[in-house]
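Participant: Residue-level listing of the chains:
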Amino acid sequence: MGASAGDKTLRNRALTIGSLIVFAAFLWWAEEGVDAYKVRIINLIAINAILGLSLNLIYGMAGMFSLGHAGFMAIGAYVSAILILSPDQKLAMWILDPIAPWLLDVQSPFLVSLIAAGAIAAVFGCIVSIPVLRLGGDYLGIATLGFSEIIRILITNFTPITNGPLGLKGIPPHASLLMSYGVLAVLLFCMVRLMNSNFGNVLRAVRDDEIAAKVMGIDTFKIRVLAFTLGCFGGGVGGALMGNLITTIDPKMFMITQTYSLLMIVVIGGLGSITGSVIGAVLVTTMLEWLRFVEDPITIGSLYIPGIPGMRMVIFSMLLIAVIIFRREGIMGMREFSWGWLLRDNARVNANDAK
Amino acid sequence: MFMQHFINAIGLGSLYGLIAIGYTMVYGILRLINFAHGDIFMLGAYFIFFATISHGLPWAVGAMIAIAGATFCGLLVDRIAYRPLRNAPRISALISAIGVSFFIENFTVVVFSGMPRPVVQPAALMAPITIGSVRLVPLALMVPAIAFILVAALLWMLYGTKPGLAMRAISYDIETTRLMGVSVDKIIALTFAIGSALAAVAGILWALRYPRVEPFMGIMPGFKAFIAAVFGGIGSVPGAMIGGIVLGFVEIMSVAFFPTLSGYRDAFAFLLLVVILLWKPTGLMGGKLEDKI
Numbered sequence: 001m002g003a004s005a006g007d008k009t010l011r012n013r014a015l016t017i018g019s020l021i022v023f024a025a026f027l028w029w030a031e032e033g034v035d036a037y038k039v040r041i042i043n044l045i046a047i048n049a050i051l052g053l054s055l056n057l058i059y060g061m062a063g064m065f066s067l068g069h070a071g072f073m074a075i076g077a078y079v080s081a082i083l084i085l086s087p088d089q090k091l092a093m094w095i096l097d098p099i100a101p102w103l104l105d106v107q108s109p110f111l112v113s114l115i116a117a118g119a120i121a122a123v124f125g126c127i128v129s130i131p132v133l134r135l136g137g138d139y140l141g142i143a144t145l146g147f148s149e150i151i152r153i154l155i156t157n158f159t160p161i162t163n164g165p166l167g168l169k170g171i172p173p174h175a176s177l178l179m180s181y182g183v184l185a186v187l188l189f190c191m192v193r194l195m196n197s198n199f200g201n202v203l204r205a206v207r208d209d210e211i212a213a214k215v216m217g218i219d220t221f222k223i224r225v226l227a228f229t230l231g232c233f234g235g236g237v238g239g240a241l242m243g244n245l246i247t248t249i250d251p252k253m254f255m256i257t258q259t260y261s262l263l264m265i266v267v268i269g270g271l272g273s274i275t276g277s278v279i280g281a282v283l284v285t286t287m288l289e290w291l292r293f294v295e296d297p298i299t300i301g302s303l304y305i306p307g308i309p310g311m312r313m314v315i316f317s318m319l320l321i322a323v324i325i326f327r328r329e330g331i332m333g334m335r336e337f338s339w340g341w342l343l344r345d346n347a348r349v350n351a352n353d354a355k
Numbered sequence: 356m357f358m359q360h361f362i363n364a365i366g367l368g369s370l371y372g373l374i375a376i377g378y379t380m381v382y383g384i385l386r387l388i389n390f391a392h393g394d395i396f397m398l399g400a401y402f403i404f405f406a407t408i409s410h411g412l413p414w415a416v417g418a419m420i421a422i423a424g425a426t427f428c429g430l431l432v433d434r435i436a437y438r439p440l441r442n443a444p445r446i447s448a449l450i451s452a453i454g455v456s457f458f459i460e461n462f463t464v465v466v467f468s469g470m471p472r473p474v475v476q477p478a479a480l481m482a483p484i485t486i487g488s489v490r491l492v493p494l495a496l497m498v499p500a501i502a503f504i505l506v507a508a509l510l511w512m513l514y515g516t517k518p519g520l521a522m523r524a525i526s527y528d529i530e531t532t533r534l535m536g537v538s539v540d541k542i543i544a545l546t547f548a549i550g551s552a553l554a555a556v557a558g559i560l561w562a563l564r565y566p567r568v569e570p571f572m573g574i575m576p577g578f579k580a581f582i583a584a585v586f587g588g589i590g591s592v593p594g595a596m597i598g599g600i601v602l603g604f605v606e607i608m609s610v611a612f613f614p615t616l617s618g619y620r621d622a623f624a625f626l627l628l629v630v631i632l633l634w635k636p637t638g639l640m641g642g643k644l645e646d647k648i
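Line order of the protein sequences matches chains A and B. Counted the way our numbering counts, the first sequence spans residues 1 to 355. Counted the way our numbering counts, the second sequence spans residues 356 to 648.
In short, the hints are calculated from the structure, not lab data. No residue lacks a Cβ here, since even glycine has one placed at the ideal position from N, Cα and C. Among the clues, some could well be false.
Stated by the list, open to error - Listed next, the stretches of chain B that the computed footprint assigns to chain A, with coverage defined by at least 3 CB atoms under 8 Å from CB atoms of chain A: (1) 437–443; (2) 446–452; (3) 464–478; (4) 626–633.
Using the sequences and the hints, build the whole thing.
Facilitator: Right, here's the structure in full:
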């Protein structure tokens, strides 16, 4: 006899809260106890997970192939950076053109800038999506890619607002481990609630068969615009955190390759799986860091092997091709992690036990 | 002055057109955006660079080697990265294409290093000639001439020969064509070969015209050629050429007449893409878009 359903919910909730506390304690210790390089990678995992999740919402859950995430990241990163830089820093930094006067004295706390970053990216996402979402499939991908490039070119040329190709430097490093993982936790909570709600069902219906969803009376266009806008909000927040972690941003950071690595995270983890995107972020981030060794010179005794520039990305792209050819559904497919799955108390196992 | 810009625009546009043909033919048959196509173009430029400048072969021989090499690479890409995904969802093949593009670019960095290399232009093509008030180099005329001859040959091939008929049939309905006894895989390979060869020609001419090669040189021309293909109506060879020339004109003329906008040069192409997709997603020469249920 298994425990009743109510007991299990209680147990799962206790397990979730317990593991969150343990993990928060680990982060609190890691901030000081681990060397700066590792802290940075752990931090980058959280940011990539945020970005991967927001892309997954657009692509995996709502079925809209978007290649424009880097553009929305760029908007978020710039909004946040401009909001938290001090007026003195701004005066010193804008060399090519003086900064627009109305921007000079604008300054806000970090959290406000984070929300503003997401909100402005979402506004742009909404504006872009209304014309673009009339397209389907790969045309949509190309059109979003076009918009992402346009955003990047605008940022490069709107010198009074963005400081142009020089980028922004000396952004105060607000993205501590607890901050990044805190944002990730909030996002995870929202995503899980969202996908378990009726909105989640509607989203899946639109993705799996748009015409059938329309027949059921769903305003598919509105749903897709909403999902795209929410995804862009996440992209903006992720971009802002990224800027705060690296402390310098410039337009070249937000090229199409940035979108590709997010796509890699989502595809490896499994399209449409929240758990998958987190696993994908962990794997891709650590792998990209670990692969740096192939580009560094290695000395074994008297043997000197020079580093090979570009090799890291060669291996990375080969992995992407291999995953898509041999395991298209990624690691998780569309499955999700649950305590029940971990503790093996699903129906099939129980039935086997009874025999 | 206007004539000068006109010739530059035709030259740039016909190069975009040559690359766009590869996109449009592959998309017409497989409904796949071959992201790696711009990189095949880059390989063409690299092969001619190494054949002629590094190994001192004559340009004609170098061009043969470059075309053969790039064609081989195009076929290899199809065999390894696209053919296993023929029955998969289209987006899977697209992601595979992105992976291949990434791979070719970085593999080129590994093998040839990321450093841009200057191309020495042959003197015969660079001796200026004067026609009326226009001074130009023979190369500027050679580029569009070669492009138009190749397009004419391709159109003859598509509309006058059996393989061309098979290609057009596949783009209508691949399954029925297979049932008719056409070996579809061979025809698809032929499509990739033709597209890659034309991209290699564009790469060679590009390396001569804008004398520099580097591993990421294919990205922007690739995107723009794709935009040209969409503009002209994807699936249509004359459309790709027209789209390419329109794009060449938009780029050259906007910068020529509004020099302050030169920073936005690349944005114009993408803006054109967004506008055409919204206004007429099937492009200038494209047919009606059908909703399949």
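Participant: For a quick check of understanding: which of the numbered hints are violated here, in increasing order?
Facilitator: none
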